[in-house]
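Asks: Just need the whole structure built from these sequences, with the hints factored in.
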Amino acid sequence: MRFGICTDMPYAAGVKEAGFDYIELKTYDVALAPEREFEEWKALLKELELPCEAVNFFYPPSLRMVGRI
Numbered sequence: 002m003r004f005g006i007c008t009d010m011p012y013a014a015g016v017k018e019a020g021f022d023y024i025e026l027k028t029y030d031v032a033l034a035p036e037r038e039f040e041e042w043k044a045l046l047k048e049l050e051l052p053c054e055a056v057n058f059f060y061p062p063s064l065r066m067v068g069r070i
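Sequential numbering of the sequence shown, starting at 2, is according to my numbering.
Don't read these hints as lab results, they were simulated from the structure. The reader is advised that the hints may include incorrect statements.
[Claimed, not checked] Okay, derived cross-link-like pairs now, PhoX-like style, lysine-lysine, Cα gap no bigger than 25 angstroms in a straight line:
{"hint": "1", "residue 1": "Lys27", "residue 2": "Lys43"}
{"hint": "2", "residue 1": "Lys17", "residue 2": "Lys27"}
{"hint": "3", "residue 1": "Lys47", "residue 2": "Lys27"}
{"hint": "4", "residue 1": "Lys17", "residue 2": "Lys43"}
[To be verified] Beta-carbon label-pair distances, calculated as ranges:
{"hint": "5", "residue 1": "Met66", "residue 2": "Val31", "range": "17 to 23 angstroms"}
{"hint": "6", "residue 1": "Arg69", "residue 2": "Arg37", "range": "37 to 43 angstroms"}
{"hint": "7", "residue 1": "Tyr23", "residue 2": "Arg69", "range": "23 to 29 angstroms"}
{"hint": "8", "residue 1": "Arg69", "residue 2": "Phe4", "range": "35 to 41 angstroms"}
{"hint": "9", "residue 1": "Arg69", "residue 2": "Met2", "range": "38 to 44 angstroms"}
{"hint": "10", "residue 1": "Thr28", "residue 2": "Arg3", "range": "16 to 22 angstroms"}
Cβ atoms here follow ideal geometry from the backbone N, Cα and C, with glycine treated the same way.
Replies: Shown next as structure tokens:
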């Protein structure tokens with residue numbers, strides 16, 4: 002069994018140190034990251050040998066999916 006955790010990129014090293022097998026990032030953070038930042042994230046995850054095997058939060062909190070506006 003593999004274990005991952007949902008968190009943000011600033012905590013990636015801690016995720017690895019804690020013994021998790023992978024990190025789960027927010028889809029909108031990855032999609033909206035500037036190209037340079039995205040490349041830095043990829044390099045860091047490769048260096049840490051910590052894959053991003055899943056994503057969550059497909060819509061930013063500012064986009065209401067249900068209810069009244």
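Asks: For every hint, state whether the structure bears it out.
Replies: Against the structure, the hints come out as follows:
1. Lys27 - Lys43: Holds, at about 14 angstroms.
2. Lys17 - Lys27: Roughly 18 angstroms between the alpha carbons, so the hint for Lys17 and Lys27 holds.
3. Lys47 - Lys27: The given pair, whose Cα atoms are some 18 angstroms apart, holds under the 25 angstroms limit.
4. Lys17 - Lys43: holds, 15 angstroms
5. Met66 - Val31: 17 to 23 angstroms: Distance hint for Met66, Val31 holds at roughly 19 angstroms.
6. Arg69 - Arg37: 37 to 43 angstroms: Cβ of Arg69 to Cβ of Arg37: about 39 angstroms, so the range 37 to 43 angstroms holds.
7. Tyr23 - Arg69: 23 to 29 angstroms: violated, 38 angstroms
8. Arg69 - Phe4: 35 to 41 angstroms: Given about 39 angstroms between the Cβ atoms, the range holds.
9. Arg69 - Met2: 38 to 44 angstroms: Roughly 42 angstroms apart at Cβ, these two residues keep to the hinted range, so it holds.
10. Thr28 - Arg3: 16 to 22 angstroms: Hint holds: Cβ distance 20 angstroms, inside 16 to 22 angstroms.
Hint compliance for this structure: hint 7 alone is broken.
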